[in-house]
Amino acid sequence: KAGVTQTPRYLIKTRGQQVTLSCSPISGHRSVSWYQQTPGQGLQFLFEYFSETQRNKGNFPGRFSGRQFSNSRSEMNVSTLELGDSALYLCASSPPAVNTEAFFGQGTRLTVV
Amino acid sequence: AQKVTQAQTEISVVEKEDVTLDCVYETRDTTYYLFWYKQPPSGELVFLIRRNSFDEQNEISGRYSWNFQKSTSSFNFTITASQVVDSAVYFCALGDAGNMLTFGGGTRLMVKP
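Residue numbers (this note's numbering), protein chains in the order written: chain P, 1 to 113; chain E, 1001 to 1113.
Worth flagging that the hints you see were computed from the coordinates, not collected in a lab.
What you are looking at is a predicted structure, and each value in this text was computed from that prediction instead of being measured.
Incorrect hints may appear among the rest.
[Stated by the list, open to error] Have a look at the derived ranges for each label pair, beta carbon to beta carbon:
#, chain 1, residue 1, chain 2, residue 2, range
1, P, 27, E, 1046, 11 to 21 Å
2, P, 16, E, 1097, 30 to 40 Å
3, P, 30, E, 1084, 18 to 28 Å
4, E, 1063, P, 96, 45 to 55 Å
5, E, 1016, P, 80, 49 to 59 Å
Just so you know, even glycine gets a beta-carbon here, dropped at the ideal spot from N, CA and C.
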């Protein structure tokens, strides 16, 4: 069974640009969550999508947005990039039951210069 | 608000030593879930264990064991006879009724040969 796939693995963007990250969950999983990991703030929850609807949202500004497609693939978008957005962005997929284990991808490392 | 504290930021042991990683959590929910994840240098979070708030049984899986004590709000993780391959950052996480995880700051474990 294929794991969670995130693309791209590495990304360098300039301040002010926007970026889109992609996540393909494990087949059959309908919940996709996104996390930001930085040395200063650690792992922080961004949002969760289930059946194309945002079900939970963390405490991030509106520049961070996401969506989920009918095949459960998800994208997250960050607009007007700031230097502080440099981080490892991790996607996790979960089976349909509530609060089972989340399976994480290898992440996208975003560097904003 | 949910909170997870991993007081040990870094632990260094010599191979074959036993090591315990501490995790203390705070929540007002009566139903919650506790997790441990391992993050090797590749960045992917690897699921180790999930425990719900109604199950205080300790668990052993090979060299790994977990001690859940509601009375002290702790969910500690012990590696017996540590190996170099155990070197990684370990995260304790708290889940609510949804799929949102609150992570601790992580403990970096270094196992030296």
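Results for each hint:
1. Distance hint for residue 27 of chain P and residue 1046 of chain E: a CB-CB separation of about 19 Å, consistent with the stated range 11 to 21 Å.
2. One distance hint, 30 to 40 Å for the beta-carbon pair residue 16 of chain P and residue 1097 of chain E, holds here, with the actual separation near 39 Å.
3. A hinted range of 18 to 28 Å for the beta carbons of residue 30 of chain P and residue 1084 of chain E is inconsistent with their spacing of about 38 Å.
4. The given range of 45 to 55 Å is broken by residue 1063 of chain E and residue 96 of chain P, whose C-beta atoms sit roughly 32 Å from each other.
5. Our hint of 49 to 59 Å for residue 1016 of chain E and residue 80 of chain P holds, since their Cβ atoms are close to 52 Å apart.
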